[in-house]
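Participant: Sequence:
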Amino acid sequence: MSDKSSVLKKVKKIVSTEVGITGAELVSQCRKQEFVYARMIFTCICNKRFGITQKEIAEYLKLKQPMISLYLSNTVKDLQHNERFRRKYNACYDRLNKLEEFHDKIEARNRILSK
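Quick note: the sequence shown uses the UniProt record's numbering, first residue 1, plus one each step.
Computed beta-carbon distance windows for the label pairs:
1. ASN110 <-> LYS32: 41 to 51 Å
2. GLN29 <-> LYS98: 26 to 36 Å
3. THR17 <-> ILE106: 18 to 28 Å
4. SER73 <-> ASN110: 32 to 42 Å
5. GLN65 <-> ASP3: 17 to 27 Å
6. LEU113 <-> LYS32: 40 to 50 Å
7. GLN29 <-> GLY51: 19 to 29 Å
For the record, the hints were derived by calculation from the structure and aren't laboratory data.
Just so it is clear, CB atoms sit at the ideal spot from N, CA and C, and this is done for glycine as well.
Could you build all of it, start to finish, from the sequences and the hints given here?
Facilitator: Okay, structure coming up:
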């Protein structure tokens with residue numbers, strides 16, 4: 001996953017699938033707990049794993065940057081103290097790892113075949 005747009009789309013798809021909501025619900029302004037959890041997980045993965053800035057995430061989610069900052073700080077707390085949130089976060093992270101492993105294997109195979 002190279003460019004930021006494709007990273008955002010892939011992470012949105014993974015998070016929405018694992019949390020059990022649609023992509024449109026993830027980027028909605030709804031304050032239902034599941035949607036907020038999904039946005040928190042999305043924000044944390046995009047920022048911490050892929051280095052996407054808070055400003056870029058805020059633009060993608062149509063939120064203000066301070067909300068992204070709040071999501072990031074709350075994610076740390078919820079990972080420590082909220083088992084339900086931690087399970088959802090770990091499921092998203094595991095799925096992302098599997099996807100990247102799969103892409104790495106395909107790239108390695110293609111390099112071998114192109115020789």
